[in-house]
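Chemist: Take the sequences, apply the hints, and build the full model.
Just so you know, the sequences run in chain order A and B. Those letters in the first sequence? Residues 1 to 512, by our numbering. Those letters in the second sequence? Residues 513 to 1024, by our numbering.
Treat the hints as calculated values from the structure; they're not laboratory data. Cβ atoms here follow ideal geometry from the backbone N, Cα and C, with glycine treated the same way. Fair warning: there could be bad hints in the mix.
Said to hold, decoys possible - Listing some non-contacts, in silico: residues in chain A with all C-beta distances to chain B over 10 Å:
| # | residue |
| --- | --- |
| 1 | Glu71 |
| 2 | Ala74 |
| 3 | Ala76 |
| 4 | Arg89 |
| 5 | Gly94 |
| 6 | Leu96 |
| 7 | Ala104 |
| 8 | Asn109 |
| 9 | Ala204 |
| 10 | Glu208 |
| 11 | Met311 |
| 12 | Asp353 |
| 13 | Asp452 |
| 14 | Ala480 |
| 15 | Glu483 |
| 16 | Ala493 |
Claimed, not checked - Derived SDA-like pairs: lysine to any residue, alpha-carbon spacing no greater than 25 Å straight-line:
| # | chain 1 | residue 1 | chain 2 | residue 2 |
| --- | --- | --- | --- | --- |
| 17 | A | Lys139 | B | Gly976 |
| 18 | A | Lys139 | B | Gly975 |
| 19 | A | Lys139 | A | Pro173 |
There are 2 protein chains.
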Amino acid sequence: MAGDHGNRRERRRGGRARPRPVGDTSQYRDLVNPFEPLRVLTHDQVDSLHDAALTLLEDLGIRVLLAEARELFAAAGTRLDGDMVYIDRELVAGALEASPSEVALEARNPARTVGLGGRSVVFVPVSGPPHVSDTDGGKRPGTLADYDDFVRLAQAFDVLHILGPSVEPQDVPTHLRHLHMTSSALTLSDKAPFVYARGRGQVADAFEMVRIAHGVDSDEFASAARCWTVINTNSPRQLDIPMCLGIIDFARAGQVSVITPFTLAGAMAPVTIAGALTLQHAEALAGITLAQLATPGAPVVYGAFTSNVDMRSGAPAFGTPEYFKASVAAGQLARHLGLPWRSSAPNASNTPDAQATYEHATSLWGAISGGANMILHAAGWLEGGLTASKEQLILDVEVLQTVAESFRPVAVTDDEIGLGAIAEVQPGGHFFGGTHTLERFQTAFYEPLVSDWSNYGQWTEAGGLDATQRANAIWKRTLAEFEAPPIDETVAAELAAFVERRTREGGAPPES
Amino acid sequence: MAGDHGNRRERRRGGRARPRPVGDTSQYRDLVNPFEPLRVLTHDQVDSLHDAALTLLEDLGIRVLLAEARELFAAAGTRLDGDMVYIDRELVAGALEASPSEVALEARNPARTVGLGGRSVVFVPVSGPPHVSDTDGGKRPGTLADYDDFVRLAQAFDVLHILGPSVEPQDVPTHLRHLHMTSSALTLSDKAPFVYARGRGQVADAFEMVRIAHGVDSDEFASAARCWTVINTNSPRQLDIPMCLGIIDFARAGQVSVITPFTLAGAMAPVTIAGALTLQHAEALAGITLAQLATPGAPVVYGAFTSNVDMRSGAPAFGTPEYFKASVAAGQLARHLGLPWRSSAPNASNTPDAQATYEHATSLWGAISGGANMILHAAGWLEGGLTASKEQLILDVEVLQTVAESFRPVAVTDDEIGLGAIAEVQPGGHFFGGTHTLERFQTAFYEPLVSDWSNYGQWTEAGGLDATQRANAIWKRTLAEFEAPPIDETVAAELAAFVERRTREGGAPPES
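Modeler: The following block contains the structure:
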């Protein structure tokens, strides 16, 4: 309307202030995107980018820093020159044929198992920042206590489907950090955990802990995907030692590698979207090929993370129109390969504000519209990934829940249309007290987590808190009410003993 | 990525602080949505809703409060009972056949003329609030000075395509208000103006002023659409006197009626989306039919404004998942009719914060994904439409510009892919200084209006302003730098004389 009913609405905004419980959200556990994926490329353009990436791999090559990885390529007949590897298109085609198009990522609680691929959507919280922030304490280096809080927050919301390394616990020495992160992930949550690919020793420790948590032997462990990692290529055209080790070790153990070039147009990638996508595609194909050479059939996800820099300063930008289009295009490229694909919902704001929120929305809709299967950094990311924010996590969860609700079909039956109910209401009247309304009102609409729909007077009387301030209270309440999911006592004891033993043995330093 | 490149990114975030000019945005003037519209209904479901709406019009009827309008229906053979009108489906079908599927809305500056329909997208600023707010002065009743400022802001941004009644100038008496609003719209802007349908006298005055501004005679005035109005039905099932007069007078003068039921599910409409859409559809069809009875071929837009209330308080909610789905469904219904359709991008926040921003994003993506032609309240709406916010307008313009940029195609040529440029950069290197980059970097990416991509240190040193605080500085700068578009001196004098004469004659009171 054009405002002529303003006073009418103002009057209707009466009613009591209400508590806003975190309601039953279990319907968000298995999300299927019902929308036809958007396209920004023609079929011919997809073919052109795919072909250019194959030419890049064949003619320009990729630097592979791990000898063991180069040997795998060489054994498959690949041409090498020093640490440069020139991968031909037949080898890539064979690797794609071997890669599963859908992967079940099993959690220790079967109700938390998720599917990667098809029309499934898996939201992953912020992953990787060295810093943490909240509006009470500001920005500071992350600690294990912060990491644990993010595990609890990720566990608390059904719309966050698996765990990520939400913040780096910098108070734990690097040779022990993986033990404590994995222990927290497996005891404070029953969702599938993330494991960093920071060298063979850390990965072996983490796999052993995941095996213990699932109560299976080593053979059975490798029979299903139970944890996941992100492989970032060193764009342009380079795979470093820990990344190569990660690809190989995850493939051999049947665990999920999300192979994600971070191709910032204008910095580590060409300044054009087409160029950055070509580089992304080539590097992802190189990693996928290595995984399949290590173990044919290894579960891999096509990771896409093309954005652009601010060309005035070189700073990375997210949630830009270029990001949106690159994300939609990446979906087309992933479907061309027949692989599950991962996108992200990042922003570049320094604080949990309107910028963080609109950039998140643009990124997220790029991923959702494009039909992404895994959406990382879906909640809580700030500052281009340098800070994990508790308030932003809550604000973003509200948006994810809104998306999840948007996936539910519109029911169209005579009863839902309700001509009888319409007949009962006089012209100019209202539907508040009707039977059709009363039968449905408790579950008719999404109940928000953060949004405050009270009128201006009530809102002002209640303190006039903005959404970020309300989010602060919500994460505190969520943590205060948190109960860890059940875990078998023997399993918990075995995990603790493992951490204790490996700590005594010196843990495992990261490899580089 | 999962954060392992954090330090690398932090280093790259150097560079000088920079001015953020409002750049050349003339490419946003003619927006065409390239994306295939989303669907939430099957074809059968669209047919069911359409059929239910026709049954509603035939069997339940619509109350029409203006005798002249009832006479138009009666003359076409429609059954009447008191002020109830029972419209049969053949009459509706004939009206739809007479309605143009696309309309050119001509501005006094031909460069500002817009198309309504097809794949065109027209963004309209906030329309209708009685209050205005900014972060300096808070919320207060709107004045003519505020209204003028919103006209200037709407004029300043190319991504806002036509004018709306952004805030009610409550310091101008109601019998003179239309004269001053129309005068400001025609002199501070050269975009197509909005005219309130608040009775025959006010509409006639406004039409006369638009005629003067275009420098045409009365016959020529009616030969093209040059201004527009919103017709809000009094849901459920009622058309009041000023709305009926508006439909008739706009139709007879060849001006655009955007016929928009405000069907809040659970309040003025059934609690179900299907029911609210059926009511919306029926009421829109009734208004469209009346327009075509007044003048066959009259330019009309199918208006959709279905959202839901908060069932705990009865307060209206916007940017909800129900809103999203209703918007997408409305697009399907409008295309079923072959008419241009209008959606909106509202929110229910009391302050320009993250809630306002994410609700706006959800509403906006519902409209964009659904293929809306006119998107009202696209910038600056707060508090369910009770307040027009200058900061929110700026924040929302950033989002609209992002959408507009997303519409631009991705160029895929050998040169854009740039294998040669990739070959020039060593593995692990960067593209900052390359020829391919330097040739393109100045125009490669969207230059943001509000987003601040400086690093945390620079941002903190610059005052640590959040996006809303930066938006405050931007609207002030925009107003300070504002220059009214050129207008012929004779025309300006004629407009001033008209306002002076009509004021002396007593203006025109609103009719109800």
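Chemist: Take the hints in turn and mark each one as holding or not.
Modeler: A quick look at each hint next to the structure:
no.: 1; hint: Glu71; result: holds (19 Å)
no.: 2; hint: Ala74; result: holds (18 Å)
no.: 3; hint: Ala76; result: holds (20 Å)
no.: 4; hint: Arg89; result: holds (15 Å)
no.: 5; hint: Gly94; result: holds (23 Å)
no.: 6; hint: Leu96; result: holds (21 Å)
no.: 7; hint: Ala104; result: holds (22 Å)
no.: 8; hint: Asn109; result: holds (23 Å)
no.: 9; hint: Ala204; result: holds (19 Å)
no.: 10; hint: Glu208; result: holds (21 Å)
no.: 11; hint: Met311; result: violated (4 Å)
no.: 12; hint: Asp353; result: violated (4 Å)
no.: 13; hint: Asp452; result: violated (7 Å)
no.: 14; hint: Ala480; result: holds (22 Å)
no.: 15; hint: Glu483; result: holds (27 Å)
no.: 16; hint: Ala493; result: holds (30 Å)
no.: 17; hint: A:Lys139 x B:Gly976; result: holds (12 Å)
no.: 18; hint: A:Lys139 x B:Gly975; result: holds (15 Å)
no.: 19; hint: A:Lys139 x A:Pro173; result: holds (21 Å)
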